[in-house]
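Start from chain A and add chain B according to the hints.
Chains as they are written, first to last, in the numbering used here: chain A, 1 to 300; chain B, 1 to 220.
It cannot be assumed that every hint is accurate.
Claimed, not checked - Calculated lysine-lysine pairs in the DSS-like style (CA-CA distance at most 27 Å, straight line): (1) A:Lys-289 with B:Lys-77; (2) A:Lys-225 with A:Lys-205; (3) A:Lys-4 with B:Lys-177; (4) A:Lys-225 with A:Lys-289; (5) B:Lys-177 with B:Lys-207; (6) A:Lys-225 with A:Lys-86.
To be verified - Stretch by stretch, here's where chain B covers chain A in the computed footprint (C-beta under 8 Å, at least three residues): (7) 22 to 33; (8) 44 to 53; (9) 105 to 116; (10) 145 to 158; (11) 164 to 172; (12) 213 to 223; (13) 271 to 284.
Worth flagging that the hints you see were computed from the coordinates, not collected in a lab. Bear in mind that the values here come from a model prediction, so they are computed numbers and not experimental data. In this text, a Cβ means the ideal position worked out from N, Cα and C, and glycines have one as well.
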Amino acid sequence: MNEKLSLQEWIDLAEQENKDFGDFCIEYQVKELEISKEMLLARMEEMLHVMQQSVEIGLTGIQSMGGLVGGNGKKVESYRAQFADKSIVGSVMSKAIMIALAVGEANASMGRIVAAPTAGASGTLPAVLFSLAEVRGFSIVELAKALVVAGAIGMVIASRASLSGAAGGCQAECGSAAAMAAGAAVDLYGGSPSQVGQSVAITLKNMLGLVCDPVAGLVEVPCVKRNAGAAAQAMVAAEMALAGIESVIPVDEVIDAMAAVGNAMSCTLKETAQGGLAVSPTGLIWANKIIAREESTDKG
Amino acid sequence: MNIFDVIGPIMIGPSSSHTAGAVRLGNLALAILGESVKEAVIGLHGSFSQTYRGHGTDLALSAGLQGWATDDIRIPKAFETAKQAGISISFTTINLGDFAHPNSVRFWLTGVKENTCVMTGSSIGGGRVVVTNIDDFPVEFSGDFPAILTMHRDRPGAIALVTSILSTQGVNVAQMKVFRKQKGGLAAMIVETDQPIDDTAFEAIGKLPHMQSVRRIQRI
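Bound conformation, chain A alone (with noise of 0.2 Å):
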């Protein structure tokens, strides 16, 4: 249970049998669980399933249980529909920005989502992978073995840093989703098993030392826009390990770094609502706000 994964040792074993690098993961996750592969994307299918509605949900523009965050989601909907020519980004990733701040905001509002891996980031897979899938027409099953590349992914980090806001700050969380929706990335656009492996050091490189610090201890800000960023992120690492750029410093290491970068990052930078934005003026105005108002409220 506590043995620590290498997803280099994984990647070696997938090129070696020439394999895929979905399809590789597949195997080993049909072997590991004891179920068919067709059960195993059966059920991811339910995840994107979920994952859509969740999109859904967002996008009715609904508001968030502590009031900061909520109708972002709409207003990128409304800006796509209106001045597409003037995008920055471009469609997709303008697309893929709509749909983490949908989540997000539906994750907010004590919506359904899917916590990939966990619900604060639970945003950055579907808008990577949707937003992909809009323009490549990838099929349902096909997005199904890119989210068990990134599920594979995960349990990596998980097994050798984690994937706690409150143990390793917001680069166990948001790092973690954008690494494993690059991989992802990576493997639907026919990157070699090398290639999902150096987008995963590329992201986590670039999101390390992010720290987790929760205006009002909610999952509302800067959670809901950071998924938006790590959602970015991950597509800016997909394209750059697609491209054939390696990282120097190799994947277990990058995630081994982000490990001790988490242990040495202060108690109060990792969801405790204590240092960070929680604690600038404007953070601490609307935690006694919100306090506040949960205390005059009976629960009961």
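Then chain B, alone, in the frame of chain A:
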């Protein structure tokens, strides 16, 4: 852990560690109590004590004690439902020390049949949890496997009798841990298994000599 701990669970937001993990800790506490909850006092430690309102941790723990799943859309209404069902739930902050995981909780539970239990556990990320203490015995299990928890006298053969019943029922032991306070005194054992433990095996284990209590915990 498996891949569905990473891609999943499907859950009600906003936090996998503070909401979904809290539901599962409530589920485990309910399973260990072994009967419906009448009264619960819930102590929150670390990050749980500082950010529980904003994450709906208090709602999630209450939902878990009522046996609901992490994706149950009633979770935001958990207090009202508990009140209607006559379940008393109160919250307090506690300090479990520097070594405790930041997302830790202790339940003091009384059931409808007046059984009691005290369980401590942590939400360790992505909705995964670990139970670290039951009725003053340090333990370690995740709810990822079906399990039995025994309280028994520390005597030669006490453990072998349990595992032999499991083996005759075709139940494979995945992990097993034994704890005792003193030689020959009260001991606790957690046996996590690959297959569910059926009524025959469960009842047979309960009738063994030296056995004080046996609890069966379904995979959650």
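Hint check:
{"no.": "1", "hint": "A:Lys-289 with B:Lys-77", "result": "holds, 23 Å"}
{"no.": "2", "hint": "A:Lys-225 with A:Lys-205", "result": "holds, 20 Å"}
{"no.": "3", "hint": "A:Lys-4 with B:Lys-177", "result": "holds, 22 Å"}
{"no.": "4", "hint": "A:Lys-225 with A:Lys-289", "result": "holds, 22 Å"}
{"no.": "5", "hint": "B:Lys-177 with B:Lys-207", "result": "holds, 21 Å"}
{"no.": "6", "hint": "A:Lys-225 with A:Lys-86", "result": "holds, 20 Å"}
{"no.": "7", "hint": "22 to 33", "result": "holds (count 3)"}
{"no.": "8", "hint": "44 to 53", "result": "holds (count 4)"}
{"no.": "9", "hint": "105 to 116", "result": "holds (count 11)"}
{"no.": "10", "hint": "145 to 158", "result": "holds (count 8)"}
{"no.": "11", "hint": "164 to 172", "result": "holds (count 5)"}
{"no.": "12", "hint": "213 to 223", "result": "holds (count 6)"}
{"no.": "13", "hint": "271 to 284", "result": "holds (count 4)"}
Checked against the numbered hints listed earlier, the structure breaks none of them; every hint is satisfied.
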